[in-house]
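The lines below spell out each chain.
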Amino acid sequence: GESVGLHLPTLSVQEGDNSIINCAYSNSASDYFIWYKQESGKGPQFIIDIRSNMDKRQGQRVTVLLNKTVKHLSLQIAATQPGDSAVYFCAENRPSTIQGAQKLVFGQGTRLTINP
Amino acid sequence: GAGVSQTPSNKVTEKGKYVELRCDPISGHTALYWYRQSLGQGPEFLIYFQGTGAADDSGLPNDRFFAVRPEGSVSTLKIQRTERGDSAVYLCASSLTGGTNYGYTFGSGTRLTVV
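Residue numbers (this note's numbering), protein chains in the order written: chain G, 1 to 116; chain S, 1 to 115.
Just so you know, these hints were derived from the structure itself, not from any lab. Misleading hints may appear alongside valid ones.
Stated by the list, open to error - No farther apart than 25 Å at their CA atoms in a straight line, the calculated lysine-lysine pairs in the DSS-like style are these:
hint, chain 1, residue 1, chain 2, residue 2
1, G, K56, G, K71
2, S, K78, G, K42
3, S, K78, S, K11
4, G, K56, G, K68
5, S, K17, S, K78
6, S, K11, G, K42
Excised from the complex, chain G in its bound form (with noise of 0.2 Å):
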C-alpha cells in the first residue's frame, strides 16, 4: 500500500556538524510534503515545506530537498545544536475526500540525537 517511511530510525551526529534525514515516499500523485520536528511530551511542530514544483527549499539552519524521479525526500539541518535533538518525522500531504481539505500521511519518524 502506499506509504511514507524513513531510511534510517536513529541518527547521532556531533554538535556542530550538520545532519541529514531522509525519507522515502511512494505515493507518486504526493504534491506537498512537510518536515516535523517532535520534542519529548510535544506534539508536532512545523519545520518546513516544500510542493513538487521545487526540489530545493531553505530555511533557517534547515534545507529540505525533493527528488521525485526516486521519491526520496531529505532534511539537511545545519551547525546542529543541543535543541535539535528530537524526532523528525516527514509528511506526505494527501488530499481529503472534501475539496480543498487535506491530511497528513506521517511516516515513522527518525530520532536525532546531537551529541557534545
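Dock chain S against the given chain G, drawing on the hints supplied.
Positioned in the frame of chain G, the structure of chain S alone reads:
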C-alpha cells in the same frame, strides 16, 4: 488562545470505560483534525472537521470512536468501551481553512492509558 490546547494532558482509565478528550483550537481556525500516535510511530489521521461538520472521518478505527464539534470551535473525541489497544497519544491540530496553503498547528496531545 495562542496555541492548540488539549485536556487532559494525561488520562488513565480502566478497560471498558468511556473517555472524552478535549481540544481547543486556535481562535478563528475553521479546520480541526484529530490524530492518534502510538509509541514509536508517526501520527495517524482520525477525523477532520470543517466548521461544525465532520468532513472526513475515514480514519476512525471503529464505531467506538466518535468526535463532535458542535459550535465550530472546541472539539471532543469520545471513546466508548475502551480497550488496551486504544492506549496512545491523541493529538489535535487546527488550521486556518483546511486548504493546502496553510499549515497545521498541533497541540501537545492527551496521553491515554487503558489499564
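Right, here's what the structure says about each hint:
{"no.": "1", "hint": "G:K56 with G:K71", "verdict": "holds, 14 Å"}
{"no.": "2", "hint": "S:K78 with G:K42", "verdict": "holds, 22 Å"}
{"no.": "3", "hint": "S:K78 with S:K11", "verdict": "holds, 13 Å"}
{"no.": "4", "hint": "G:K56 with G:K68", "verdict": "holds, 11 Å"}
{"no.": "5", "hint": "S:K17 with S:K78", "verdict": "holds, 11 Å"}
{"no.": "6", "hint": "S:K11 with G:K42", "verdict": "holds, 16 Å"}
The earlier numbered hints are all upheld by this structure, with none contradicted.
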